[in-house]
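Student: Chains as they are written, first to last, in the numbering used here: chain H, 106 to 494; chain Z, 1455 to 1680.
FYI, nobody ran anything at the bench for these hints, they're computed from the structure.
By construction, the Cβ of each residue, glycine as well, lies at the ideal position given by its N, Cα and C atoms.
Certain hints may be false.
Non-contacting residues of chain H with respect to chain Z, defined by C-beta distances greater than 12 Å in every case (computed) [unchecked claim]:
{"id": "1", "residue": "S144"}
{"id": "2", "residue": "D145"}
{"id": "3", "residue": "W150"}
{"id": "4", "residue": "R158"}
{"id": "5", "residue": "R159"}
{"id": "6", "residue": "I251"}
{"id": "7", "residue": "E295"}
{"id": "8", "residue": "A306"}
{"id": "9", "residue": "D328"}
{"id": "10", "residue": "A353"}
{"id": "11", "residue": "T367"}
{"id": "12", "residue": "T376"}
{"id": "13", "residue": "G428"}
{"id": "14", "residue": "K460"}
{"id": "15", "residue": "A481"}
{"id": "16", "residue": "A485"}
One side of the interface only, derived from the structure: several residues of chain Z facing chain H at Cβ under 8 Å [as the list claims (entries may be wrong)]:
{"id": "17", "residue": "G1509"}
{"id": "18", "residue": "K1546"}
{"id": "19", "residue": "D1550"}
{"id": "20", "residue": "Q1554"}
{"id": "21", "residue": "T1584"}
{"id": "22", "residue": "G1588"}
{"id": "23", "residue": "D1660"}
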Amino acid sequence: MSRRTLALAVSAVLVFTTVGPAFADQPPVPPGYRPPADSDEAGLWMQSDEAERRIQTLPQLVRDEALNAYVKGLVCKLAGDYCRDIRVYILDVPMFNASMAPNGMLILYTGTLLRCDNEAQLAFVLAHEIAHFKKRHALDQWRNAINTSGAIAVLAVVSAGAGVFGLIGLMAELGAAAGFVSYSRDQEREADAVGFDIATAQDYDPHEAAALWTDLSAEDAADPAVRNRSTFLSSHPQSKERMQTMLAKADVLASTAKDWKTDPDDLNHATEPYRAQWYAEVMEFENSNALLTVLNRKIARAPHSGELQYFLAEAYRRRNEGGDIEKSRQAYQTAIDDGNGPVAAYKGLGIVAMKAGDKTAARSAFDQYLALSPQANDRAMIEYYCSRL
Amino acid sequence: MKIARLAGICLSVALSGCTFTHEEKAVNASFDFTAKVKRVIVVDPDVSLGELTAGGLVEARADWTAAAKGFIVADVATILAAKNIDVVKADKPSSDHENQIIKLHDVVGQEASLHTLIRLPNKGDAFDWTLGPGTNELRDQYGADYAVFIYVRDSYTTAGRAAMMIGAAMLGIGIQGGSQAAFISLVDLRTGNIVWFNRLGSTNGDLRTDAPARDVVNNLLEGIPL
């Protein structure tokens, strides 16, 4: 399954593409709001509730209490009185995405948690989604759709992809559920602005919002195959435009004397048990150039992370273009030298040395791998490699 | 092509209304209850009612849906109770697993419905759809050998849409109004097999109010071999 096919499937499940007039501005919802039972809004909520029941049974739902508590805690800090109205679902999907359904169901992909460099960046993503909920953007979009259905394309959501590849089916479900209505660009701009205020009110460094969009644009640019890498980005104003807007706002705000925070440690701690798994998933799923962009950026911020060096090495080894094997070897070595890389770095080092024809180095690395990880489930394979050296 | 013709008739008389049902029975269906009490679960029905707007979008209505669900469960329970069946209303799915079985039934039932319309070429004539033995968990939990699953999608024409239909009809163009699509499965929880299935299509039923809702449920349950 190529990523392009997936991207097409993702865009196909976005139910509406609006060309209609500007939306009518709804008053924000008060905390604890439930729409009147006979309203169109109640219908939207009912469908979202139904989708939410479905999401609760998804195998991709991350049920880990500590991670959920961390994200929910951050949502509550940002949402204030709306804390109880918003329910967070973390889904194990290696893309960058977050979405808000009309009923307050907030979906966050693990790909977002992995890409955010610190809590401040995650806060800007979550605050953006909270803004959609507060401003009832889904309702506006729905009413627009009703009034301008001549100008909209309504696509039936089919579950045909479900059997083909788990993710396609999942995307279709989420498209039908969370992305039920895709927000207009004006709404996205408003959510950006409102979200920016929400996050900066909690002292999150305004420059991190711009940094996030810069990073996402760089990741996009590194992968020519897919321009619209996620539903989040495809429906949102261009990363470049957002980046500039955010930067301008950040420059104004940052000049005020305040103790802005980025808080990388809490996010790091919360995602620690999962990062190896998430990187492995991104590696399976994403373009190597895009992944290398993410890793190199993270390494620039944390040069002595053995974990990051290890995944950098893995990414180079998989891309395997001119000079990549040597770069991979260096990165495995750095991961080991920094003292905090995973044991698998020895295995990687052995494989790239083997490829380069350096039998002595390969044998030494494989020996160390097996010595440090005697129960490794690929032991037989490594022993086979050694026998061939 | 009998069904296609029926559908065509329905379309042409869309303004006046039309109802048809189609019943299927599993090949080797036999009904045996292991317990002395004949107990059947009425699983939380998957129901959605909405308004068909002028532009052709269906706007979901939470109030109508809640009312319809209530009528359906009550009417099914009454009909089954009259057949000396001990009815368990499972209005709230008790577990993720139960939820998944309901969703699975939605998908299998839609395929089975399609099959009754166009006869999927490789499926053959045998009616042998199943939800699989995962249904055993429900059997253990509720102490029942059979369960009834119901799926309903129902839309009603708004004034705007009706005006459009009449205008278009004057020009000789048929525009579809609100319509009802529903199916019901009787499932043997020991095997998960759908032992009896009925599909209903209608352009004039009404699930929003008590008496007409009872007519719809009567049509849907007609011929249930219990």
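Student: For A306 (chain H), is the shortest CB-to-CB distance to chain Z above 12 Å, so the non-interface label stands?
Tutor: 34 Å, holds
Student: Confirm or reject: T367 (chain H) is not an interface residue toward chain Z, with every Cβ-Cβ distance exceeding 12 Å.
Tutor: 38 Å, holds
Student: Quick one: work out the minimum CB distance from K460 (chain H) to chain Z and report holds if it exceeds 12 Å, violated otherwise.
Tutor: 45 Å, holds
Student: Say whether it holds or is violated: D328 (chain H) keeps its Cβ farther than 12 Å from all Cβ of chain Z.
Tutor: Given that every Cβ of chain Z is farther than 12 Å from that of D328 (chain H), nearest at about 34 Å, it holds.
Student: Is the interface hint satisfied for D1660 (chain Z)? The criterion is a beta-carbon contact with chain H at less than 8 Å.
Tutor: 17 Å, violated
Student: In terms of Cβ atoms, is chain Z entirely out of 12 Å range of R159 (chain H)?
Tutor: Per Cβ check, R159 (chain H) is inside 12 Å of chain Z; nearest 6 Å; violated.
Student: Regarding the assertion that A481 (chain H) does not contact chain Z, is the least Cβ-Cβ distance greater than 12 Å?
Tutor: Answer for A481 (chain H): holds, closest chain Z Cβ roughly 35 Å.
Student: Please check whether the beta-carbon of D145 (chain H) is more than 12 Å away from every beta-carbon in chain Z.
Tutor: 5 Å, violated
Student: Taking the minimum C-beta separation from A353 (chain H) to chain Z, is that value above 12 Å?
Tutor: 39 Å, holds
Student: Just double-check E295 (chain H) for me: nearest Cβ-Cβ distance to chain Z has to come out over 12 Å.
Tutor: 24 Å, holds
Student: May I ask you to check that A485 (chain H) keeps its beta-carbon over 12 Å from the closest beta-carbon of chain Z?
Tutor: About 36 Å separates A485 (chain H) from the closest Cβ of chain Z, which puts it past 12 Å; holds.
Student: Against chain H, with CB atoms and a cut of 8 Å, does the hint on G1588 (chain Z) hold up?
Tutor: 13 Å, violated
Checked against the numbered hints above, the structure violates hints 1, 2, 3, 4, 5, 6, 18, 21, 22, 23; every other hint is satisfied.
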